[in-house]
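Chains as they are written, first to last, in our numbering: chain A, 941 to 1046; chain B, 380 to 530.
Not one of these hints is a red herring.
A short list of chain B residues far from chain A (calculated; beta carbon distances all over 12 Å):
hint, residue
1, D409
2, A413
3, K416
4, E421
5, G422
6, L431
7, L436
8, A456
9, G509
Only some residues are given here: those of chain B computed to face chain A with a beta carbon under 10 Å:
hint, residue
10, P472
11, A486
12, V487
13, R491
14, A495
Residues from chain B shown here face chain A by an in silico Cβ test under 10 Å; the list is partial:
hint, residue
15, V442
16, I462
17, N466
18, V474
19, S476
20, R478
21, L479
22, R482
Hints in this document: simulated from the structure, not taken from any laboratory.
Here a beta-carbon is modelled for each residue, glycine too, at the ideal position from N, C-alpha and C.
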Amino acid sequence: MTNVLINAPKTARPGEIVEIKALILHPMETGFRPGTNGRIIPRNIIERFTATWKGAEIFRMEMSPAIAANPFVSFFAVATESGTIGLRWTGDQGFLVEEQVAIAVG
Amino acid sequence: MPSPPDRRAFLAGAALLTMLPLSAARATPDAMAAAIKEVVGEGTIREGKVKLDLPPLVENGNVVPLTVSVESPMTPADHVKAIHVFNEKNPQPHVFSARLGPRNGKAVIATRIKLADSQKIVAIAETSSGAFWSASADVIVTLAACIEDVT
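Bound-form chain B, shown alone:
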């Protein structure tokens, strides 16, 4: 006869085992902060100038339209050099990095991304003067990307 504590321990262990691979395959807010630090280095990030457009409620996490626009004259003397986008809970925190310059005229880019869960998205713009500006958006995802099996 197995005693209740053994069974409890077994169940707890089994539950832990099933959870482990999941947590290992998820980026975390810490991982996102680390990825951001890799881009920004010792620079300070200020909120503002960046506009991040995402639907607040996403029905299908496989295709999420995203637009990043940055206020900038985009002249050779003062322009946006790069736009980076990060997420909290996909397997990897990085989404994309775009390099721009005065030839773009407008610092506006649009694409479509995947989201594995409801989470916060952060966009960071790097200007030619070395300043960093950011914006973030919270998104609720009802059907997640990445985790379903292929059938």
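One chain only, chain A, in its complex shape:
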């Protein structure tokens, strides 16, 4: 079970600029911190976040360990047509989460 919070409007007027906010639970372990045994905890971060609107990529972000735990990203998009907004997070240790929200434009 992955925990994702997505905040996007369900409806929009054509051409309206809408804000899309996404938060995902993830430790974003930097790979620079020693653990209780004194050894460095291996890096485990989300490296990439991509957003699509009806299948076409509209936004992408490459992350470094300097992104805080439970990465939060907010960006804007022009509401062109009804469809789904797809969000995808990929990262270390084969991390992959995909979520979709529907938006009606008109």
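We have chain A already, so just place chain B on it with the hints.
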């Protein structure tokens, strides 16, 4: 009986040893400049058009809200292609790179970052015409991220 110079040398050496790993695990303004150069190449960076919003005084370096907004019409002919953010003193100078386009309507992004120390943050925007605009902000961090042990 150890003579004072020996003891002094030992202490200096010990002090140096404890400092070495720390300095090795920190990016520097030079490292940030190198990371910026990798993105910008031979292009020139001008100040302006970019607004970087960060709290000037941060109590918890583990979660620092950051907003970058760039003045741009965001049309197919004239838009912001990418926004990059760098820092001076975290272990790595790179924070994130975002790719945008006319589909975004507004070149505004927000996220939360970690800061290991009080330092300067730089945001650079790359436009569709190949120009680079930047803004920077100085942040004071009272509780640093990354360096405490996990307990």
